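J.: Use these hints to put chain U onto chain Z, whose structure you have.
Number of protein chains: 2
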Amino acid sequence: MTANQTPTWIAADWGTSNLRLWAISNDGTVLDMRTSEKGMGQLAPDAFEPVLVDVAADWLKTADTVVACGMVGSRQGWVEAPYQTAPCSVCPNTMVKAAVQRDGLTVHVVPGIRQTDPADVMRGEETQIAGFLSLNDDWDGIICLPGTHTKWVHMSAGEVVSFQTCMTGEMFSLLAEESVLRHSIAESGWNDGTFLEALSETMSRPERMAGQLFSLRAAQLVHDTDPQTLRARLSGLLIGAELASTKPYWLGQNVALIGADAVSQPYLAGLAAQGVNVAHADATEMTLAGIKTAHAILETE
Amino acid sequence: MTANQTPTWIAADWGTSNLRLWAISNDGTVLDMRTSEKGMGQLAPDAFEPVLVDVAADWLKTADTVVACGMVGSRQGWVEAPYQTAPCSVCPNTMVKAAVQRDGLTVHVVPGIRQTDPADVMRGEETQIAGFLSLNDDWDGIICLPGTHTKWVHMSAGEVVSFQTCMTGEMFSLLAEESVLRHSIAESGWNDGTFLEALSETMSRPERMAGQLFSLRAAQLVHDTDPQTLRARLSGLLIGAELASTKPYWLGQNVALIGADAVSQPYLAGLAAQGVNVAHADATEMTLAGIKTAHAILETE
Numbered sequence: 001m002t003a004n005q006t007p008t009w010i011a012a013d014w015g016t017s018n019l020r021l022w023a024i025s026n027d028g029t030v031l032d033m034r035t036s037e038k039g040m041g042q043l044a045p046d047a048f049e050p051v052l053v054d055v056a057a058d059w060l061k062t063a064d065t066v067v068a069c070g071m072v073g074s075r076q077g078w079v080e081a082p083y084q085t086a087p088c089s090v091c092p093n094t095m096v097k098a099a100v101q102r103d104g105l106t107v108h109v110v111p112g113i114r115q116t117d118p119a120d121v122m123r124g125e126e127t128q129i130a131g132f133l134s135l136n137d138d139w140d141g142i143i144c145l146p147g148t149h150t151k152w153v154h155m156s157a158g159e160v161v162s163f164q165t166c167m168t169g170e171m172f173s174l175l176a177e178e179s180v181l182r183h184s185i186a187e188s189g190w191n192d193g194t195f196l197e198a199l200s201e202t203m204s205r206p207e208r209m210a211g212q213l214f215s216l217r218a219a220q221l222v223h224d225t226d227p228q229t230l231r232a233r234l235s236g237l238l239i240g241a242e243l244a245s246t247k248p249y250w251l252g253q254n255v256a257l258i259g260a261d262a263v264s265q266p267y268l269a270g271l272a273a274q275g276v277n278v279a280h281a282d283a284t285e286m287t288l289a290g291i292k293t294a295h296a297i298l299e300t301e
Numbered sequence: 001m002t003a004n005q006t007p008t009w010i011a012a013d014w015g016t017s018n019l020r021l022w023a024i025s026n027d028g029t030v031l032d033m034r035t036s037e038k039g040m041g042q043l044a045p046d047a048f049e050p051v052l053v054d055v056a057a058d059w060l061k062t063a064d065t066v067v068a069c070g071m072v073g074s075r076q077g078w079v080e081a082p083y084q085t086a087p088c089s090v091c092p093n094t095m096v097k098a099a100v101q102r103d104g105l106t107v108h109v110v111p112g113i114r115q116t117d118p119a120d121v122m123r124g125e126e127t128q129i130a131g132f133l134s135l136n137d138d139w140d141g142i143i144c145l146p147g148t149h150t151k152w153v154h155m156s157a158g159e160v161v162s163f164q165t166c167m168t169g170e171m172f173s174l175l176a177e178e179s180v181l182r183h184s185i186a187e188s189g190w191n192d193g194t195f196l197e198a199l200s201e202t203m204s205r206p207e208r209m210a211g212q213l214f215s216l217r218a219a220q221l222v223h224d225t226d227p228q229t230l231r232a233r234l235s236g237l238l239i240g241a242e243l244a245s246t247k248p249y250w251l252g253q254n255v256a257l258i259g260a261d262a263v264s265q266p267y268l269a270g271l272a273a274q275g276v277n278v279a280h281a282d283a284t285e286m287t288l289a290g291i292k293t294a295h296a297i298l299e300t301e
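If you read the protein sequences in the order shown, they are chains Z and U. Quick note on numbering: this note's numbering labels position 146 of the first sequence as 146, and the sequence is numbered without any gaps. Quick note on numbering: this note's numbering labels position 133 of the second sequence as 133, and the sequence is numbered without any gaps.
Looking at chain Z on its own, in the form it has when it is part of the complex (with noise of 0.2 Å):
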């Protein structure tokens, strides 16, 4: 086995729900990928270097550094790392090392932003941001960042400038799946027309959203409009609410949208609809060359 084919260090994306681990060797080359279901939301402090070793014990014999971002990073994570407060740069040159028992392990966890008025806060899209930016050099604008709590992100010579967050994919999950509405809206499906309809409805006139939601349930007992359809147009309604809240972001700007291609394919389809031509970026490339561009930083120090 050659030293290129040795993993050097790994790459850890740990979130509320998920954790992913990359093998990196000394040039950069990605050896491995493994996942693990023991997020964040589950762990006690104590409890993420057993993870950590459990999924990547044989990977650990010659990496001794591990660079993470995400919850991990969180009050509740394995070791706080203090948001920086934007405006900030969002390259990581502030993380903190996690407790390790372990003898020549060390953790280094990358920091989340905070906004102090409005009052803003993300873990992990920073990460992301700044893999997208080591990738598109000097690249300024807006990058939105779709997800359970999406983030619009106003980027200008490297910083953050300010952000804000909409909780559009939870308010989805809860309405489709908790609510009243969950009786009529299918668990998937889609149809594009009702969908954009919808969005134009809610960017047009955001003030009628809130009697607009029950209509889905009525739609059904009345017109027995067909769940898939439902389900298309409360997304619409949603994301027609966010792109209405956020406008002041991404009106006539220059825009990036970082996202798996599922949660992207709406917003992209909307902003389209709104004449917003926009480039998009995968989420895990993206997370990967962010923690990559931390593990250089470690490098230089």
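Hints in this document: simulated from the structure, not taken from any laboratory. As the structure is a prediction and not an experimental result, all values here were calculated from the model. Do not rely on the hints blindly, as some may be mistaken.
Copies of the same chain look alike in the list, so a pair counts if it fits in one copy or across any two.
Stated by the list, open to error - Below, computed lysine to aspartate or glutamate pairings styled on EDC-like, alpha-carbon distance capped at 20 Å:
id : residue 1 : residue 2
1  : 97        : 261
2  : 247       : 140
3  : 38        : 58
4  : 247       : 201
5  : 247       : 207
T.: Okay, now just chain U, sitting in the frame of chain Z:
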């Protein structure tokens, strides 16, 4: 025991979660009231009669007529009482009889009301409105019935002209108890100033709503804002969004509110802040008055 102390009929408000029964004498006196948690949501059609007999066996010795309103008349209830279609009278003169085993017993179920465009439905509220009209002759205007699914109803000449449902109560519960905000929202407590300020924000800038919910979580993380203040702020944001949506109903109109005190107070305060003076009637009293109206119609048939 005189005839006036003997139940001759039973009024039932049978909702999704609860059942409320009143024993009523031949001169309309309420002799007794009982409640049960055996709501429609947990009962198969053939389980309703045993629950009724279990709760009110002694009353049924002399009372052979039951008049019931609420979800008991839904497709999943004891018997489906098909919706009347608005515009229509709230006087429940199209009751449906439920199937019963017991000799001599008759159970009449009050129908709900539906609207075709935009689609909407109510079940139970129509009876509260009928009760309100029976106590307020020639009343025209808007009736607001706050609750899990708040109704705004335009009444004219004893008819429901149109109505609109907002899921504000259910949204509040989902966000405060099931979403990421649950970590930051107190289970009780209040702050009038915070509530009215938040309500004013979404009333005047409803397009910002989607971006303001996560800020409740962030406010605690960044500024350590206390959870009771955040509870009042969440309520203010949501009721403000509802008032923005229903403005065509209440602006410049004669408004009455039917509801229990706890659920009514935020609406009364919010509407007062918008310069709307609102009459307030108790929901339980209006339900009973409405069921009495329905029973009186039976008597005259």
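J.: Of all the hints numbered above, which does this structure not satisfy? Sort the numbers upward.
T.: 1
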